[in-house]
Amino acid sequence: MNTEAEKIRRCVAAAVQKFAGEPGPLLEILHAIQDELGFVPADAVPQLADALNLSRAEVHGVISFYHHFREHAPGRYVVQLCRAEACQSMNAKALEEYVRGKLRLNFGETTPDGRITLEPVYCLGNCACAPALMVNGELHGRVTPEKFGELAKEWGVFA
Amino acid sequence: MSGAAVTVYVPGDASACSLGANATARALEAEAAKRGKAVRVVRNGSRGLYWLEPLVEVVTPAGRVAYGTVTAGEVPKLLDAGLLEGGAHALRLGDIGTHPYLASQQRLTGARLGIVDPASLEDYVANGGYAGLAAALAMKPADIVKAVTDSGLRGRGGAAFPTGIKWQTVHDQPVAQKYIACNADEGDSGTFSDRMLMEGDPFSLIEGMTIAGIAVGATQGYIYLRVEYPHAARALAKAIKAARDGGYLGADVRGSGKRFELAVRLGAGAYICGEETSMLESLEGRRGEVRVRPPLPAIKGLFGQPTVVNNVVTLCSVPVVLARGAQFYKDFGVGRSRGTIPLQLAGNIKHGGLVERAFGLTVKELIYDYGGGSASGRPVRAVQIGGPLGAYLPASEFDTPLEYEALAAKSALLGHGGVVVFDDRVDMARMARYALEFCAVESCGKCTPCRIGSTRGVELMDRIIAARAGANGHQAAHDTDMALLDELCDTMFNGSLCGLGGLTPFPVRSAVRHFREDFQRAN
Numbered sequence: 011m012n013t014e015a016e017k018i019r020r021c022v023a024a025a026v027q028k029f030a031g032e033p034g035p036l037l038e039i040l041h042a043i044q045d046e047l048g049f050v051p052a053d054a055v056p057q058l059a060d061a062l063n064l065s066r067a068e069v070h071g072v073i074s075f076y077h078h079f080r081e082h083a084p085g086r087y088v089v090q091l092c093r094a095e096a097c098q099s100m101n102a103k104a105l106e107e108y109v110r111g112k113l114r115l116n117f118g119e120t121t122p123d124g125r126i127t128l129e130p131v132y133c134l135g136n137c138a139c140a141p142a143l144m145v146n147g148e149l150h151g152r153v154t155p156e157k158f159g160e161l162a163k164e165w166g167v168f169a
Numbered sequence: 003m004s005g006a007a008v009t010v011y012v013p014g015d016a017s018a019c020s021l022g023a024n025a026t027a028r029a030l031e032a033e034a035a036k037r038g039k040a041v042r043v044v045r046n047g048s049r050g051l052y053w054l055e056p057l058v059e060v061v062t063p064a065g066r067v068a069y070g071t072v073t074a075g076e077v078p079k080l081l082d083a084g085l086l087e088g089g090a091h092a093l094r095l096g097d098i099g100t101h102p103y104l105a106s107q108q109r110l111t112g113a114r115l116g117i118v119d120p121a122s123l124e125d126y127v128a129n130g131g132y133a134g135l136a137a138a139l140a141m142k143p144a145d146i147v148k149a150v151t152d153s154g155l156r157g158r159g160g161a162a163f164p165t166g167i168k169w170q171t172v173h174d175q176p177v178a179q180k181y182i183a184c185n186a187d188e189g190d191s192g193t194f195s196d197r198m199l200m201e202g203d204p205f206s207l208i209e210g211m212t213i214a215g216i217a218v219g220a221t222q223g224y225i226y227l228r229v230e231y232p233h234a235a236r237a238l239a240k241a242i243k244a245a246r247d248g249g250y251l252g253a254d255v256r257g258s259g260k261r262f263e264l265a266v267r268l269g270a271g272a273y274i275c276g277e278e279t280s281m282l283e284s285l286e287g288r289r290g291e292v293r294v295r296p297p298l299p300a301i302k303g304l305f306g307q308p309t310v311v312n313n314v315v316t317l318c319s320v321p322v323v324l325a326r327g328a329q330f331y332k333d334f335g336v337g338r339s340r341g342t343i344p345l346q347l348a349g350n351i352k353h354g355g356l357v358e359r360a361f362g363l364t365v366k367e368l369i370y371d372y373g374g375g376s377a378s379g380r381p382v383r384a385v386q387i388g389g390p391l392g393a394y395l396p397a398s399e400f401d402t403p404l405e406y407e408a409l410a411a412k413s414a415l416l417g418h419g420g421v422v423v424f425d426d427r428v429d430m431a432r433m434a435r436y437a438l439e440f441c442a443v444e445s446c447g448k449c450t451p452c453r454i455g456s457t458r459g460v461e462l463m464d465r466i467i468a469a470r471a472g473a474n475g476h477q478a479a480h481d482t483d484m485a486l487l488d489e490l491c492d493t494m495f496n497g498s499l500c501g502l503g504g505l506t507p508f509p510v511r512s513a514v515r516h517f518r519e520d521f522q523r524a525n
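Protein chains in written order, with our numbering: chain A, 11 to 169; chain B, 3 to 525.
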């Protein structure tokens, strides 16, 4: 059997087993899958539908509703750039342009080498230290192009 | 190592960490070890003076001595200057509690922020924690509800509905299974008080929810926490475990024979899930689509059962009400806005942070007396109060007091108490466009005015902005677009199912009303 498919199957089964006893468990299960695999693969949908007695459309509908759930594997570094008002008041627009130029990415895209994914986010709660971004769950405040350049070096992005 | 370990507080607050607090903590431990000094680093919450973060406090025989801004690079020099003994240094701030920014505040809900170790139940209890629960356990449930009603506490999440009345409705339902659902989906830009409380004083939320459960007869609570708050998730997980181990949660809360269980459920990046019925759908594992009301959640809420839905700040304010009495709490504030409100000062501001005061502080006092004006040093042109659905106010309105009714009279709202400051470089037409764009991105799609209206609004704003640059046809066409924008706002305001589509007109219309020059066509 295809090992990737088997890995997904096992991951989904484990998540279902862990949360199926709880009321309304689908979001918890999706979180567990994404935490493990980095995304929720399309192959997980029929298995989840079957296990939870839902239609595939219902499961897909939930996955696609939430910005957090990804249907494709992300890069090693997921860069979430805040676009909300408090960050805008501190020049987030200029930072956004700089970041997109530097990474050569639009929102929702991953670098061809699979290293970096750029995502928009609407508020990280760091509004007194704007502009803000989050990388793999680590929050950064008062981000300037220079500071971003330092971070990008850690991810192997230069110039 | 020599001597007893010196306790050093380095905030583990997400914002402080975003400015390097983790590196500061690591440097302190490493550099102290090098010097043969024993230190105990406690990761506290933030005091809320964010321009001073990372703010380090050292416990000395003479009390806590603060230093800020302490980056990792400053640590060796600070240790050489005798930081561990509270020694003199340019960054030494002394007792931070006497800093004017803090000393003038009235911290009731956030009384322990930055002071206690958020992971320590003992510390919480030693600093007045669980006094509210003790009082509640000695009362009849109906009397707890009455105390909350009498305190005048209104929902701090934005809707400002009287908390006691909501509790009374749930209390009165003759049903075995009821729920307490805490809305911790703090998605409004410019707000972070929920985050600060969950990270810096998580037991106060647990206590507030436990009191709510006992008051209305609910045995299960859920905290619906936004996924963008991993620090808060970790702090809550630790605190819930400690509370359970300490007998404050579980089948027999403090030997009262009453059960209350608590679980954290993570959201998944949908702003709409901060709307209470959408949040309930999400908690049930579905798409976060808004429910049609009635029935109210208090009658038919989570899993179809009566449910108290309250925001974090509201629930964190409950222990104070019970511990110190309804009258004590009610004595703060003005008019029908009773108690204190943790205001959050954000955006282009010199001294951003948390300002908890009785209702009634004016915008001017907040942004100049506390905030010190803009971070850029340029004139403040606008503030947006209450998040992305809140109105923009121009400088001429800065005398408005920050309380529910005064803001409503200005077609504005207090929302969750966030105030975002913009300097004179802000383009208000672009901000109006952004409000509509945000609505389009975050709309749940259930009702047409919000789903379609927001997208049509963005298109309209693009035309208006193009006309401004002289790109578009005639003045008459521009006038039509402006009239259409107003009509669209009217439809969204009156026709949307919930506050997302219904309140998006607030930022749009206030921008047009107060900053008309930004919308005018080039001649």
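What the hints contain is simulated information worked out from the structure, not anything from laboratory work. Every residue, glycine too, gets a C-beta built ideally from N, C-alpha and C. Accuracy of the hints is not assured; some may be wrong.
To be verified - Computed cross-link-like contacts, DSBU-like style, restricted to lysine-lysine with a CA-CA straight-line distance of at most 30 angstroms:
#1 B:Lys412 to B:Lys366
#2 B:Lys260 to B:Lys243
#3 B:Lys352 to A:Lys103
#4 A:Lys112 to B:Lys142
#5 B:Lys79 to B:Lys142
#6 A:Lys103 to B:Lys243
#7 B:Lys366 to B:Lys352
#8 A:Lys163 to B:Lys260
#9 B:Lys412 to B:Lys142
#10 B:Lys332 to A:Lys157
Stated by the list, open to error - Footprint (simulated), chain A over chain B, 3 or more residues, beta carbon under 8 angstroms:
#11 125-133
#12 182-193
#13 264-275
#14 345-351
#15 452-459
#16 476-483
#17 490-499
B:Lys412 paired with B:Lys142 [C-alpha distance capped at 30 angstroms]
violated (41 angstroms)
Q. For the region 490-499 of chain B, does the count of residues with a C-beta closer than 8 angstroms to a C-beta of chain A reach 3?
A. violated (count 0)
Pair hint outcome, A:Lys112 versus B:Lys142 [Cα-Cα no greater than 30 angstroms]
violated (63 angstroms)
*Given as covered by chain A, does the region 264-275 of chain B meet the bar of three residues or more with CB within less than 8 angstroms?*
With 7 residues close enough to chain A, the hint holds.
Between the region 476-483 of chain B and chain A, are there enough contacts, at least three residues with CB-CB distance under 8 angstroms, for the coverage claim to hold? Since three or more residues must qualify, the claim that chain A covers the region 476-483 of chain B is violated, with 0 doing so at under 8 angstroms.
(message) Just to be careful, I want the Cα atoms of B:Lys366 and B:Lys352 compared with a cutoff of 30 angstroms; is the pair within it?
(response) Holds, because 14 angstroms separates the two Cα atoms, which is no more than 30 angstroms.
Quiz item: Between B:Lys352 and A:Lys103, is the straight-line Cα distance small enough, at 30 angstroms or below?
Solution: holds (20 angstroms)
Check: Are there three or more residues in the region 125-133 of chain B whose C-beta lies closer than 8 angstroms to some C-beta of chain A?
Finding: violated (count 0)
| Holds or violated: the region 182-193 of chain B covered by chain A, criterion of 3 or more residues with Cβ-Cβ distance under 8 angstroms? | holds (count 6)
query = Are the Cα atoms of A:Lys103 and B:Lys243 separated by 30 angstroms or less?
reply = violated (42 angstroms)
At least three residues with a C-beta closer than 8 angstroms to a C-beta of chain A: is that true for the region 345-351 of chain B? holds (count 6)
Next pair to validate is A:Lys163 with B:Lys260; report whether the Cα-Cα distance is within 30 angstroms.
Cα-Cα ~55 angstroms, so violated.
Hints 4, 5, 6, 8, 9, 10, 11, 15, 16 and 17 from the earlier list are contradicted by this structure; the remaining hints agree with it.
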